[in-house]
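Protein chains in written order, with this note's numbering: chain A, 1 to 111; chain B, 1001 to 1112.
Only true hints are included.
Here are the simulated distance ranges between beta carbons:
1) B:E1078 x A:Y76: 36 to 44 angstroms
2) A:Y76 x B:K1100: 14 to 22 angstroms
3) A:R55 x B:G1016: 49 to 57 angstroms
4) A:K1 x B:Q1080: 22 to 30 angstroms
5) A:G16 x B:L1112: 42 to 50 angstroms
6) B:S1027 x A:S12: 37 to 45 angstroms
7) B:Q1084 x A:A9: 22 to 30 angstroms
8) B:R1059 x A:S53: 25 to 33 angstroms
9) B:K1014 x A:S28: 44 to 52 angstroms
10) A:P40 x B:G1072: 30 to 38 angstroms
11) A:T26 x B:Q1050: 23 to 31 angstroms
Derived by calculation from the structure, the hints in this document are not laboratory data. In this text, a Cβ means the ideal position worked out from N, Cα and C, and glycines have one as well.
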Amino acid sequence: KQEVTQIPAALSVPEGENLVLNCSFTDSAIYNLQWFRQDPGKGLTSLLLIQSSQREQTSGRLNASLDKSSGRSTLYIAASQPGDSATYLCAAHQAGTALIFGKGTTLSVSS
Amino acid sequence: DTGVSQDPRHKITKRGQNVTFRCDPISEHNRLYWYRQTLGQGPEFLTYFQNEAQLEKSRLLSNRFSAERPKGSFSTLEIQRTEQGDSAMYLCASSPKGEKLFFGSGTQLSVL
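Full structure from sequences and hints, please.
Rendered as structure tokens:
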């Protein structure tokens, strides 16, 4: 059974700092790995999707990497801004099943 | 593309009552998912449909829960005889072919 773990559970940084959020998964037979953002009381917004054959994906200040062999993914946020404050969730997708989510990392960026 | 729509946004009910939520996916998305999320936790998978067929159900989906997707369009999730432990955010998502998921804003259920 796939299990997804995110470390740290919470993170506070000053504006402008670069940061890395970590995600690990137990079953490397994944179809893709997805990163989402969730604002309080809201639904999830898709940030990046990395196919199993890919190593990384970039969108603006966000870069996500995937290492299937070690069961890890990281989300790198460059030059953080207060507007980046939210909960970031990763999810592993195996063929024929639904996404399995981690519990998320709650990020707070202070100005 | 108007996004995934969920109704209602909030529902307060008394224990023992039945509730029904609706999800309208992005048109032409053939996959539709239901998740449940409690405070401080990631979304937990409940069930998913490909077109009108319900292909997978989590063991979290007790016999008090039922989901339908008639004609492969909108979907409903019904909870019978609600319990306080059912209080959560119920999220719906759709995707074109199991790729990127697009989530709705969710229905927040409070069972008193």
